[in-house]
Structure formats: structure tokens, C-alpha cells
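Novice: Put together the whole structure using the sequences plus the hints.
Taken in order, these protein sequences are the chains called D and Y. Sequential numbering from 1 applies to the first sequence in the numbering used here. Sequential numbering from 1001 applies to the second sequence in the numbering used here.
Treat each hint with caution, since some may be false.
[Claimed, not checked] Here's a subset of chain D near chain Y, in silico, CB distances under 8 Å, partners left out:
| # | residue |
| --- | --- |
| 1 | 43 |
| 2 | 60 |
| 3 | 65 |
| 4 | 66 |
| 5 | 69 |
| 6 | 227 |
| 7 | 261 |
Since the hints were made in silico from the structure, they are not lab data. Every residue, glycine too, gets a C-beta built ideally from N, C-alpha and C.
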Amino acid sequence: MNKTMLSPLHNSRTGMKTWKKCLLTLAASLVFGTAHAADVNTTGLAVTDKTVKVGILHSVTGTMSISETGSVQAEKMAIEQINAMGGVLGRKIEYIQEDGASDWPTFAEKSKKLLVNDKVAAVFGCWTSASRKAVLPIFEQYNGMLYYPTFYEGLEQSPNVIYTGQEATQQIIAGIDWVTKTKGAKSFYLLGSDYIWPRTSNKIARKHIEKLGLSVVGEEYYPLGHTQFNSVINKIKLKKPDVIYAIVVGGSNVAFYKQLKAAGIDMTKEKPLVLTISVTEDEILGIGGENMQGAYAAMKYFQSLPNENNKKFVADFKAMYGKDIVIGDVTQAAYLGPWLWKAAVEKAGSFDIDKVRAASPGLELTTAPEGYVKVHPNHHLWSKTRVGHARPDGQYDVVFETKELIEPDPFPKGYQ
Amino acid sequence: MFAEYSSSELLSIFAMQGVAGLILFSVFVLMALGLAIIFGQMGVINMAHGEFMILGAYVTYLTSNLFSTYLPDFFSIYFILAMILAFIVAGALGAFVEWAMIRHLYHRPLDTLLATWGLSLILQQTYRTVFGPREVGVTLPDWLMGSYQLTETIELPINGLFVMCLALGISLAVALLMYRSRWGTQVRAVVQNRPMAGAVGINTAKVDRITFALGCGIAGVAGSAFTMIGSTGPTSGQLYIVDTFLVVVFGGASSLLGTIASAFSISQAQSTMEFFMSGSMSKVLTLLFVVLILMVRPQGLFTLKVRR
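Specialist: Laid out in C-alpha cells, this is it:
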């Protein structure tokens, strides 16, 4: 490195020894330095000795922005906290953020840009199943790793995705079991937005309901972004189901719950009872707590969870984003993404996707705000399921929690 | 399908479905009237129409916050005031946009399409920067919430009734303005024969500006009314724009009566079909029905016989 070091030492007697020492140090540092970078990054990812690049790919515009903004905030906070602790393998994380714009082809295009042009070591992104399906072929072709935070319908297990949200059997089945046991529900009206997640979830829900010997009295779908629900509310009033199982997504939620209330259906009376798997604290911000009160939601995380990890997480989140901020299930799952990636990279001692993949199964996170999670070999997480009761202030009261962690089963037998 | 209901229940079903259809009709009329004035009377394609509606919605949001912080005793009347403010603010922005941009593009309809599309993107980003990307919730006054029990089985949502009355009121006001006022005569003169209208002393530039402002003002009132039934976010305008253009084009661009007729047929078709099949399928069939009719009669349902 410093050639000038050698010349003044060249002529003195002790200089010979010091010169040899310098040469040896030089050789050693060269060998050590290049081997260090080569060890942790053999596939040409954007890793230097000081930094590593990752991608954040969510919708900050369009109908899904109401839901995805929280995920972006959580991922950025996790990255900032990891950097404050020294980064990953001594390298600070730099993120490149792209906007999927609630448009699935845009998600595909941006993911290709992140993997091929920017060569990021990991991508934290997507929310709807449609966006995940759009980017999946690209992650599999270019061997990237996506940390996907949303609860979804399952029926997928990709070597290039780690699913930090619950899959259907964890979220749907526990919720339906609870409402039939605790509330004695016998008839269900299934309602959803028209794309893969609500349709597949309702298929699973229907099979489970019929397995329990109960009845589904109606099943309806409306396009994403639809705003007029009066017809289906009329139909629901006529069919008089015990439970409205609602999987309305994004901005349509606001219209649906406002119109439900305007039509005279008071969810606090629980006639019918509304059970949803798509309304987190984020969506209630747009819907209005007074329009949502009395509904039940089946999630793995609620902002009001009383454990110590969550208290600290909520406090940190509020310190970073303002005291009026709310944190939904997907936001928390997005927060887990960078931590799980960091743990996998440190276990593997490398940023290579193949090594990170091999190191992931069995990873445990005891600092998760939802309590404790473990990565399953099928790339999903062991987690508990809870049922929350919506309050007028926009938060949920947790009324039920499964005793054990539920094993993720994306390909449940008898449900496909 | 109807076997399990008694005849009185069936009557209630049809009554409530009819009401739902009328509410949808009123929503379409409110959305489309502003655009019909601009597109129909002036030939300007305003792709930013949805954003003017959302401007009205945001004004309502701000008014509601203002009242709940400073004048909580008067909270129940804030909504009327908010609608008036929405009309004024949206109209003012419309007048400004017309002066700054639209008046240079009257002979170039395709360019107005592009320019107003750009305007819609600018407005969306402005809302996102000022109000945040998330949707905002607007608290309704108590008298607008809930439903009115007409009979034991028929319930009418109050905000639906309000929207219907509003649509009726605004349509009557526009009709009166257009056909019974001096200004309306001037607008129709400018539409039919601009050079001649200028030659007889009508200030065509001023007439254009006021017409555009009126169209945008009505959009603002519509957006304000929609805070009751939908979401208010930077991109919520996009949810309404397609249906709005559909109604206006189907009705015949230069006819206000056509707009009302087309709003009625599209809303009734959609809500009736929604009852018997899923929402997506009914939307598909409604659009097919519109496409077929436009193929046979491309000028829309009603056209004015205009001497050119």
C-alpha cells in the first residue's frame, strides 16, 4: 500500500527487518482484504467492504398505498436500527426504494431493475398476491431473495421468497374455528375483492366451513377499487347470515364499511357479525374507527399486543414517525424481513442468495414484536394467530390467541 | 332463487334494490354533470375531473377538522358549509386552470387530453405531498349517519337520500342556468357558433372561463358528497373518472339531458345485474351493453341538432 514507507527504511540496518515486516503486512492485508470480499459475495451482488445494497419495492401511489406505506416505514426503521448496531457483516445497509404504483406489471419491471441493474442482495417488497405472482418468475430467473410481508392464501413455496406473513391455514382456519366455537356461528356470507387472494382464501374458508357442517349462503366479488356496495349489502340483509366473512382490499374497504354502517348494520350488535382478514390498523385510519367498531379481525399481530418486544417496537415506531402513527399486521411482518435476512446472512457468513437460503430454515427471532417466530423449511414462519375486536379509537382489543405456534402449511391436504 | 322469500319480502328486495339503483344514479349524475358541461358544451376533455372532485373532498376534510377543533357546537352544520366551500375552491382552481392552460388549447382536443392528464398527475402529487399518501377519514355529522326505517323491511340509508336530493338540486340548478338565464344563453351561443357570438358582443373568453369553473365547481361538490360513501386519498379520483367519461360519452357529449338519461340507464343496468350475479360480471355486461350501443349509435343517446 504505502510504497513511500519502504524507501527511507531501505538503507538502515533495522530498516531491513522493518521493511520485511511492512512487506509481510502488506501481503497479508491484500490477501485478507480480497478474500474477505470474495468470501461474502461470490455472485457479484452490490456489496462493498463498507456497504451492502438492498431493495424496497412497495406501492406508494395508487389504491394500495393506504396499505403498503406502513411496510415501507417498518423496513426503513429495521434497516436504520440494524445500521446503528453495526450493520450486517460489518457493512451498512443502503436501500434503493422503487414504487410499484399498485400496478402489477410495474412491480415486475421494477424488480427486474433491482435484481439485474442494481444487483441488490435482498428485496423487501410486495403486498398483494397479484404483485407477488408478477415478480415471482423474475426472482426465480435471476435468483434473488424476496421477503414478502403479507398474510396470503398459501399454495406457494418458492426457494426465492421468505414469507414473513401468515398463510391461509394459519390465518383463516383459526379465525373460523374461533367464531364457530365462541360465537356459535352457523351461516357465512363470503365477500371479497376480485383477485387471487380473496378468491383462494374464500375457497379455503368455504371448504373449512363445509367441513364443519355449516353453510355458506353467498359468495360475491367486486373489482379492486370498486366503490358502490349497496347491492351486496341489500343481499346480505336478505340472506341474514350469522357472519359476514369480508376480504375487501385496499381503498374499497373505506366505501364498504361506510356504506355498511349507512345501511343500518351495526357491527357491535353482531347480527351479523363481521369477521375480516384484510383490515389492519392501517386501513382503519382511512375507514374511520367509528365505522369499523365492533368488527372482528383474524391476524397474527395487533398494535395493542401487551408483550415487552411490542411495547418497545411501538415506542420506537412512534418516535420515528409521529405519535399518531398506527402499526398493522403487515407492517410488523415487514419489520421482521430485514432482521431475518441479517440473521441468515450472519449465519451463512455470506451474502450469496444460495447460502442465505440454506441458512434460513430454523432461524429464530425472539425479539419479534409479535413475540417469537421461527423460519420453517418451507420458508414460512411458525407464529400464533389472534383475533381482535375493533375499538372506536382505531385499535383492536385482542380477544383470542392460539395457545401454541401454528405450523405453516401452504399446501394443506383437502383444501385445494 | 326467489322461492325462499315471501311476496312481501320480495317487494322489499325490489324496493331496496331500486333505492340502491337510484343512489347509484345520483352518484353518476353528480360525477357526470360537471364533466358534461365541460366536455359537452366546450369540447374540452378534462382528465383531471376526478382530481377536482377529490379537491372538494379534501376541502370537506379540512372544514370538518376546523369545526371539530374550533367550533364543536356547530359541527352538525359543517357539511353544508363544506359543500359550498368545495364549490368555491374547485371553481376557483378551475378558473385558474382555464386561464393558465386550457384557453390555449381550444382548437386542439387531443392536446387538452394530454395537458389535463398531466394536470391530474400534478394534482395527485400535490395532494400526496400536502395530505400524505394515506387516505384521510372524514367524520360525518350525526344527522347524516344511519338509515331511515320506511317500513319493517325497507331501510333507506340517509346519506343515500342526501346524495339523491343533492343530485336533483344540482341538476335543476344547472338546467335553470342553462336554459333560463342570460348567461346560459351566452354559453349556448358560444357553443353553437363562436365567431358569431363574439361578433354580437359576447365576451367568449369570459364565458369559457366561467363555464369551466362551473363544471369544476360541480365536481368539487360531488367530491364533497362522496366523502360520505367512499375514500378520500390522492388517487381516489381515478376510481371515478372512467365511469364519469362512460356516462358522458354514452349520453351524447353535447346534451345534458343525455347525460342524465345515460346515468339512469347505466346505473339501473348495473345495480339490477349486481343483484343477480357477481359485481365483476355485472360490470362486464354493463360495459358490453354500452359498447354495443355506441357501435350502433356512436354519437351517444341524445344529440343536439347543431347548425355548424
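Novice: Return the status of the interface hint for residue 60 of chain D: holds when the least beta-carbon distance to chain Y is below 8 Å, violated otherwise.
Specialist: holds, 6 Å
Novice: Taking 8 Å as the limit, does the beta-carbon of residue 65 of chain D come near enough to a beta-carbon in chain Y?
Specialist: Holds - the Cβ of residue 65 of chain D comes within 8 Å of chain Y, reaching about 5 Å at its closest.
Novice: Hint check: is the beta carbon of residue 43 of chain D less than 8 Å from a beta carbon of chain Y?
Specialist: Status violated, d = 35 Å.
Novice: Against chain Y, is residue 66 of chain D within 8 Å by beta-carbon distance?
Specialist: holds, 5 Å
Novice: Is the interface hint satisfied for residue 227 of chain D? The criterion is a beta-carbon contact with chain Y at less than 8 Å.
Specialist: holds, 5 Å
Novice: Grab the minimum C-beta distance from residue 69 of chain D to chain Y and call the hint holds if it beats 8 Å, violated otherwise.
Specialist: At about 5 Å, which falls below the 8 Å cut-off, the nearest Cβ of chain Y leaves the hint on residue 69 of chain D intact, so it holds.
Novice: Would the hint on residue 261 of chain D stand, with a C-beta cut-off of 8 Å toward chain Y?
Specialist: holds, 7 Å
The structure is inconsistent with hint 1 alone, although it conforms to all the rest.
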